[in-house]
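Using the sequences plus the hints, can you model the full thing?
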Amino acid sequence: MEQFTDTSFNKDFTQHYSLFLEIEEQQISFVICDYNAGKIAVLKRIGFNEVTNGTDFLTRLKTVISKEDFLHIPVKEIKIALTFPAFTLVPRMFFEEELAEKYLRYQANITVKETAEVNYIKKLFIKNVFAVDENLRRYISDTFTAPKIFHTTTALLARAADQKDDFSDSQLWIDVRQQLFHILYFENKEFKYLNQFQYKNKEDFMYFILLVSDQLKIDRNISDVKFSGHIVANSVLYNEVYKFFRNVSCADAYEHVSISADEEIPLHFYHALLSLQACE
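FYI, this note's numbering numbers position 37 of the sequence shown as 57, with every residue one higher than the one before it.
Be aware that a few hints might be false.
[As the list claims (entries may be wrong)] With a cut-off of at most 30 Å between alpha-carbon atoms, the simulated BS3-like pairs for lysine-lysine come out as follows:
(1) LYS212 to LYS184
(2) LYS59 to LYS168
(3) LYS168 to LYS143
(4) LYS143 to LYS82
(5) LYS209 to LYS184
(6) LYS142 to LYS184
(7) LYS222 to LYS212
(8) LYS142 to LYS212
(9) LYS209 to LYS168
(10) LYS168 to LYS82
(11) LYS82 to LYS220
(12) LYS133 to LYS122
(13) LYS99 to LYS143
(14) LYS59 to LYS87
(15) LYS209 to LYS143
(16) LYS237 to LYS220
(17) LYS142 to LYS168
(18) LYS82 to LYS96
(19) LYS143 to LYS59
(20) LYS220 to LYS142
(21) LYS59 to LYS31
(22) LYS31 to LYS122
(23) LYS64 to LYS87
(24) LYS31 to LYS99
(25) LYS143 to LYS237
(26) LYS59 to LYS96
(27) LYS142 to LYS209
(28) LYS184 to LYS59
(29) LYS212 to LYS237
(30) LYS237 to LYS222
(31) LYS133 to LYS99
(32) LYS82 to LYS99
(33) LYS59 to LYS142
(34) LYS99 to LYS237
(35) LYS59 to LYS99
(36) LYS87 to LYS122
(37) LYS212 to LYS168
Rather than coming from a laboratory, the hints here were simulated on the basis of the structure.
Below, the structure written as structure tokens:
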């Protein structure tokens, strides 16, 4: 468990705050922040195995959320990101709302209990269609007030669209999770590629990164690789990538919000979570 709570945070005066929650298969992360003031009030990550074992995903999620008082305070807005569902991107000019589920089924196997959710990344003119379990959707709607549901890739893309003018001409962005990572590629400031991959070890991890690099004909000597998510410089995965790419670094501090300088929490761990601010 990782947690920060600002000492000045008053739980009785919270209507001007935003609550962002990211749901992964093994944990949740959330932040309560005032973006107008650029201030994080609460930042927390909770692993499911810390509170419950041996039950299905939704039961474990309910247990974690029910025990967390911060997730039940009144706030200005609630945005929730789901990290793991299947997704597909469709250019806006080709998108038809009534075909959303067909787009998704063409790209992935989804169950009869899953339905299609659609996000719009306005600055890139892209629709993100992803699967949401009906029971999970119902639980989220019953538990939170007017929640907006996004795929984690929507947050990553929306944030990248805001940053792209600062990107190199060959920009790879890799957001790392436990046994899952997302990889984005921008060329000459234009979006070219996004995908997610599951991995079990460093060999899997590197296989997919090098596969993408080869398919996109990326020059590893000039491409800039930025890491976010659960990774630090000189870690095993970081060093493996550095063997093949010349320019590798972790993402800079998130400039829109800050945390107490006394806290040793790298905000790039929470890049996707904080990027929900860019989602509409």
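Hints versus structure:
Distance restraint check for LYS212 and LYS184: the Cα-Cα separation of roughly 12 Å lies within the 30 Å cut-off, and the hinted pair is therefore satisfied. Taking the CA atoms of LYS59 and LYS168, the gap is about 22 Å. The hint holds against a cut of 30 Å. Distance check on the hinted pair: LYS168 and LYS143 sit about 19 Å apart at the alpha-carbon level, within 30 Å; holds. Simply put, LYS143 and LYS82 have alpha-carbon atoms about 35 Å apart, too far for the 30 Å limit, and the pair is violated.
As the CA atoms of LYS209 and LYS184 are separated by approximately 5 Å, the hinted pair is consistent with the 30 Å bound. Pair hint LYS142 plus LYS184 holds up; C-alpha atoms about 14 Å apart against a cutoff of 30 Å. Between LYS222 and LYS212, the direct Cα distance comes to roughly 25 Å. Compliance with the 30 Å bound is thereby established for this hinted pair. Restraint check for LYS142 and LYS212: satisfied, since their Cα atoms lie roughly 16 Å apart, inside the 30 Å limit.
The hinted pair formed by LYS209 and LYS168 meets the criterion: a straight-line CA distance of about 28 Å does not exceed 30 Å. As the CA atoms of LYS168 and LYS82 are separated by approximately 18 Å, the hinted pair is consistent with the 30 Å bound. For the suggested pair LYS82 and LYS220, the alpha carbons sit about 27 Å apart, so the restraint of at most 30 Å is met. Proposed proximity of LYS133 and LYS122 is supported: the alpha carbons are some 15 Å apart, at most 30 Å.
Using a Cα cut-off of 30 Å, the hinted pair LYS99 and LYS143 holds, with the two alpha carbons roughly 19 Å apart. A C-alpha spacing of about 25 Å is found between LYS59 and LYS87, which places the hinted pair at or below 30 Å, so the restraint holds. Between LYS209 and LYS143 the alpha-carbon distance is near 12 Å, which keeps this suggested pair within the 30 Å criterion. Distance check on the hinted pair: LYS237 and LYS220 sit about 25 Å apart at the alpha-carbon level, within 30 Å; holds.
Under the criterion of a C-alpha separation no larger than 30 Å, the hint pairing LYS142 with LYS168 is consistent with the structure, at around 16 Å. Among the hinted pairs, LYS82 with LYS96 is consistent with the structure: their alpha-carbon atoms are about 23 Å apart, no more than 30 Å. Taken as a hint, the LYS143 and LYS59 pair is honoured in the structure, with Cα atoms around 26 Å apart against an allowance of 30 Å. For the given pair, LYS220 sits about 34 Å from LYS142 by alpha-carbon distance, which is inconsistent with the 30 Å threshold.
Simply put, LYS59 and LYS31 have alpha-carbon atoms about 15 Å apart, close enough for the 30 Å limit, and the pair holds. Among the hinted pairs, LYS31 with LYS122 is inconsistent with the structure: their alpha-carbon atoms are about 44 Å apart, more than 30 Å. Proposed proximity of LYS64 and LYS87 is supported: the alpha carbons are some 13 Å apart, at most 30 Å. Proximity of LYS31 to LYS99 is assessed by CA-CA distance (about 19 Å); at most 30 Å being required, the pair is judged to hold.
Only pairs whose Cα atoms come within 30 Å are accepted, and LYS143 paired with LYS237 is accepted, the gap being roughly 25 Å. Proposed proximity of LYS59 and LYS96 is supported: the alpha carbons are some 15 Å apart, at most 30 Å. A C-alpha spacing of about 16 Å is found between LYS142 and LYS209, which places the hinted pair at or below 30 Å, so the restraint holds. Between LYS184 and LYS59, the direct Cα distance comes to roughly 24 Å. Compliance with the 30 Å bound is thereby established for this hinted pair.
A threshold of 30 Å between alpha carbons decides the hint, and for LYS212 with LYS237 the separation of about 12 Å falls inside it, so the pair holds. At most 30 Å may separate the alpha-carbon atoms for a hinted pair to count; LYS237 and LYS222 meet this at roughly 22 Å. Taking the CA atoms of LYS133 and LYS99, the gap is about 23 Å. The hint holds against a cut of 30 Å. The suggested pairing of LYS82 with LYS99 holds, with an alpha-carbon distance near 17 Å, which does not exceed 30 Å.
The straight-line distance between the Cα atoms of LYS59 and LYS142 is roughly 26 Å, inside the 30 Å bound, and the hint therefore holds. Restraint check for LYS99 and LYS237: the C-alpha separation of about 36 Å exceeds 30 Å, so the hint is violated. With a C-alpha separation of about 17 Å, the suggested pair LYS59 and LYS99 falls inside the 30 Å cut-off, and the hint holds. In summary, the hint linking LYS87 to LYS122 is not supported, as the alpha carbons are separated by about 38 Å, beyond the 30 Å threshold.
For the given pair, LYS212 sits about 27 Å from LYS168 by alpha-carbon distance, which is consistent with the 30 Å threshold.
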